[in-house]
Amino acid sequence: MKVALFFLSALFVALVSRGHWWSALPYALLPPLWFFLQKTFSAKIKSSLAAFWAVVLIELSPLLLLKPIFSFQASLALPLGLSFFVFQAVSFTADWRKAKIKEFPSLLDYWLFLLFFPKFLCGPLERFAHFRDEVAKASWLPKGTRLLAFELLLSGLAKKFLVANYLRSLTAPYFDQAGPPSSLLEALAVTYAFAAEFYCDFSAYTDLAQGLALVAGISLVPNFRQPYLAQSTQDFWQRWHISLSMWFRDYVHYPLFFATKNLTFTVFTTFFLMGLWHGFGANYLALGVYWGIVMVVFSWIQPLRVRIASANEGRRWYSVFCWLLTFHVVLVSFFLLRDSSGFAWEKLSLLQPLGFTPFVEQSLFRLLFVLPLLFCVEMVRRKSTDKISGLQALSANKKIGLFVLLAYYSFILFFFTEEKGLTDVRFLYFQF
Amino acid sequence: MKELIRAYIQKNFLGPGKNLGDDDPLFESGVIDSLGHLKLISFLEKEFAVSLSMDDLTWENFDSVNKIIALLDSRKGGA
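Keeping their order, the protein sequence lines are chains A and B. Last residue of the first sequence? That's 1405 in the working numbering, and every number before it is there in order. Last residue of the second sequence? That's 106 in the working numbering, and every number before it is there in order.
No wet-lab data here; the hints were simulated from the structure. There's no promise every hint is true.
What the hints assert, rightly or not - What the simulated footprint calls covered on chain B by chain A, stretch by stretch (three residues with Cβ under 8 Å from a Cβ of chain A suffice, anywhere in the stretch; the number is not a length):
hint, region
1, 30-41
2, 50-62
3, 65-72
4, 86-96
C-beta atoms are modelled at their ideal positions from N, C-alpha and C, and glycine is treated no differently.
Chain B extracted, bound-state conformation:
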């Protein structure tokens, strides 16, 4: 799961071969913007069969690979 998300962010936002740590900030550092945010959500919903809502849409929920994993886990656990 973690590697899939990392590979998607590298391909779509960061650039191939660029290092991305599990806790590296994504929004604060400007890697992902608001359009990219929704693109990322589309990917996560399709890839991991979860449904995210407006209430999940805070930058804090998506600001690193680890935070995204935590969000997905909470959604899968809650489902």
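Just chain A, with the same shape it has in the complex:
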């Protein structure tokens, strides 16, 4: 089973690297190199901090060297999945040092951990001990999780091809093309649309990854937990791209705090690096600074927040206020993240805060068109657990209703719209 999964993963890497074969080289050469390095120094990594950091730096070097070069060369593209590949290698070394991995693995186990194809491009970021346990009990289409695998694949396909790609056709012209100045209302409307697109695109990838892994009986770690319902920014990071947040928490945030014992510096630096990880453009720098400041302020005003929350406990308006505030703080960061060309920033004219542009009218209408579908898919997903499908919890009538709804949306989108790129299989996170 392991060998079959490894060959499938190698085949997948070869397929995504076709046309630029050199981008597959890191995945062919680095795992055996890193493996023998770690095996040779396995005792030293545990006993010497210098040895540990030397190995971590070697593992980080492809990312540290290539990311800046590729960020400033628009004609070049970073090998797909490199960040996630490197982050998992670092987590292996750190977990080995902390004795979270009891027994040194075989090269096949290690290589499969780094390349396992469902999670290879955009995660979720696995930890070796959990992944090895899952691989040990892998089998094709195990009876208990078949329906969950099917549901995850269906939910991923619906979110990506029926919602995310449709919304991308609305947001892409605003962010990717120069144009006349716009209003604050237009920027807000397009960012709402992008928030829906971003969530559908990225969580769709995760659903597909988890669904595909479940076909082999492997349960990957969760990556999303209804992030747009977060009541605070800290709450948001425990719901959005959870495996990356946990990676930064365990391998950056905690070590940095214990090295400096300065909480403000630690919080700012961690979130700044999370922003910078996306790239070295001005918008990503701004994104890092923005999240750094937001989270530091959040930490400073914690006693005040607790006092206000305590005084308003049980009041619905206060929960709605916290949710709206959090969502809009997140929206600003999404605007910065998406505006890599700078066109959206240029278009934003505060002189006309409420200008009703054609885009505003169209996008609000179109958002109302696609959001009920997203809501239905999410309601099903909310009822599912690691092992049980949410579909199982639905009554027969609701299941039929859901399939009719999916068929309806598919029909409308594919036959009555002229939008281009609805079948585009690229995901937003591929670029990072």
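Given chain A, work out where chain B should sit, using these hints.
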């Protein structure tokens, strides 16, 4: 010591006037999250002049007022 820790948790995480028993779970119940965890460690180090390390950073060590006291006692005893 116990009252100082309890008052800090009430002020920063739980809310003023909220009851907090000596063995009430702090992490399992979601009272404190990972950012709060480090905030609590900063407070304990400053207030009780102890030095905590990454090895102490398990939720089990901090999951109730009594467990925090036990950790501080072991660090002071070991110092």
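* How does the coverage statement for the region 30-41 of chain B fare against chain A, requiring three or more residues with Cβ below 8 Å from a Cβ of that chain? -> Result for this restraint: holds, n = 4.
* Within the assertion that chain A covers the region 50-62 of chain B, do at least three residues meet a Cβ-to-Cβ distance smaller than 8 Å? -> holds (count 3)
* In terms of beta carbon proximity below 8 Å, does the region 86-96 of chain B have 3 or more residues touching chain A? -> violated (count 0)
* Asked: If you look at each residue in the region 65-72 of chain B, do at least three have a Cβ nearer than 8 Å to any Cβ of chain A?
  -> Answer holds; 5 residues pass the 8 Å Cβ test.
Checked against the numbered hints above, the structure violates only hint 4.
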